[in-house]
Every structure is written in structure tokens, then in C-alpha cells.
Amino acid sequence: QVQLVQSGGEVKEPGASVKVSCKTSGFTFINYGFSWVRQAPGQGLEWIGWIRVDNGDTQFPQRFRNRVTLTTDTSTTTAYMELRGLTSEDTAVYFCARDITWDVDFWGQGTLVTVSS
Amino acid sequence: QTVVTQEPSLTVSPGGTVTLTCGSSTGAVTSGHYPNWFQQKPGQAPRSLIYRTSNKHSWTPVRFSGSLLGGKAALTLSGVQPEDEADYYCLLFYGAPWVFGGGTKLTVL
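The listed protein sequences derive, respectively, from chains A and B.
Just so we're aligned, residue 9 is where the first sequence starts under this note's numbering, counting upward by one.
Just so we're aligned, residue 42 is where the second sequence starts under this note's numbering, counting upward by one.
Read the hints as simulated data drawn from the structure, not as lab findings.
All values derive from a computational prediction rather than experimental measurement.
Ideal Cβ positions, reconstructed from N, Cα and C, are used throughout, including at glycine.
The reader is advised that the hints may include incorrect statements.
[As the list claims (entries may be wrong)] Stretch by stretch, here's where chain A covers chain B in the computed footprint (C-beta under 8 angstroms, at least three residues):
| hint | region |
| --- | --- |
| 1 | 73-86 |
| 2 | 90-97 |
| 3 | 137-150 |
Generate the whole structure from the sequences, applying the supplied hints.
As C-alpha cells, this is what we get:
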């Protein structure tokens with residue numbers, strides 16, 4: 009069955025970087041894309057980027073374009089999201105979600121990233 | 042900056058019908074925005090319900106349906122169950138970026 013299993017929670021200091029992984033199984037990894045979405049405490053969902061596995065194309069909203077790097081590793085069928093220059097406003101649960109041509113289906117369980125000094 | 046608008050909250054009685062909408066600050070929502078709808082319960086990851094306006098996933102209950110209505114994307118729940126109480130989010134595709142609506146808190150009372 010399709011599974012997206014994310015890495016564990018992280019606590020980071022302001023200015024640091026965090027890298028979250030999304031280990032997948034149960035489907036042909038290269039046929040899909042992955043969106044990354046975050047949710048600050050008590051807030052709604054925010055889309056922070058997308059990567060297509062077969063050619064590495066990425067899309068980002070303007071506010072994240074210079075701070076987020078998305079990558080995939082086809083040998084381990086894992087997607088990664090790295091966020092740099094962390095501030096307290098980046099404290100959130102980060103989700104990966106699988107999609108094929110803009111149809112989102114399966115989600116990871118979420119990774120809590122806490123930014124605190 | 043594109044804004045996607047949803048009703049902040051709605052209340053429905055068990056067994057009733059409710060329609061949640063998803064509007065765009067750029068104009069009418071069309072099938073070209075590939076509307077997706079998600080359900081999220083407290084402490085859980087979102088669950089996908091609808092893609093491409095009206096298509097259901099294999100796990101989507103039949104009482105959920107998606108459509109375009111009056112220039113907006115719409116999610117209709119018919120025969121609401123207590124377990125449908127949750128937050129609902131729409132997602133619209135604008136090429137890049139994709140934009141989530143602010144979410145609708147649905148109360149079943």
C-alpha cells in the first residue's frame with residue numbers, strides 16, 4: 009500500500025536550517041510529484057513548494073523561493089525539503105503530499121519543526 | 042498576491058446537506074484551477090477528498106461531491122454524519138504557486 013513516512017520532529021535555533029525527509033513505498037516513485045505544505049499552530053495550510061521526480065522540476069511561491077530546496081532520491085524513494093534561515097514564524101508542522109498532474113492524494117503524517125532559542 | 046476564500050465556519054445538522062465554497066481573488070474558479078478538497082481533523086494530517094473539481098478518491102465517502110457553482114469551486118456534503126465535523130480546505134492551481142483557501146470549520150450539531 010502507498011505510504012509516505014516523514015522524519016521525526018526537530019528543534020532548531022533561529023538562523024539554522026532544517027531538512028525533513030518523506031520516505032515513500034508502495035508505488036512507482038518516479039511517476040509522481042511531491043508538494044510540501046506547512047501548518048503553523050492553530051492556522052491553515054500553506055503550500056511551500058513542489059517537485060517533480062522524473063525531471064527535478066520545482067515550483068515555489070515567491071516568499072519561499074530563496075529559502076527552500078526540494079530534492080528527491082530515486083534510489084531510496086525519498087523526498088526531501090530543506091528550509092534555511094529559520095525564524096520563529098517557521099514553527100509549524102510540515103507535510104509532504106503525493107500528486108500526479110495536480111491531483112493530490114496521499115499525505116505524510118507530518119513533522120513538527122520548532123524554532124526556538 | 043492571490044487569495045483563495047472559504048467560509049470561515051459553517052454549522053449543519055446531522056443528516057442535513059451543506060455546501061462549502063472556494064473562491065478566487067483573480068476571478069471565476071474554473072476546471073483549469075484543478076480544485077482539490079481536503080478534510081483535516083484535529084491532530085491529523087489532511088486527507089484528500091476531491092481532485093480535478095469533482096473526482097473522488099477510492100476512499101471518499103459517496104456523500105461528498107465536488108462541483109463548480111457560481112464561479113467558485115464547491116464541496117457538498119449530503120446526509121452529513123457526526124464524523125464529518127472537521128476543517129475543510131480547498132487548493133487551487135495557478136501554474137505556480139498553488140494556493141490553499143483559509144479553511145472552513147464545519148460543525149455538526
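Hint check:
Only residues whose beta carbon comes within less than 8 angstroms of a beta carbon in chain A count, and the region 73-86 of chain B has 5; three or more means the coverage holds. For the region 90-97 of chain B, the stated coverage by chain A is satisfied: 3 residues place a CB nearer than 8 angstroms to a CB of that chain, which reaches the threshold of 3. Against chain A, the region 137-150 of chain B contributes 8 residues with a C-beta closer than 8 angstroms to a partner C-beta. That satisfies the three-residue criterion, and the hint holds.
Checked against the numbered hints above, the structure violates none of them.
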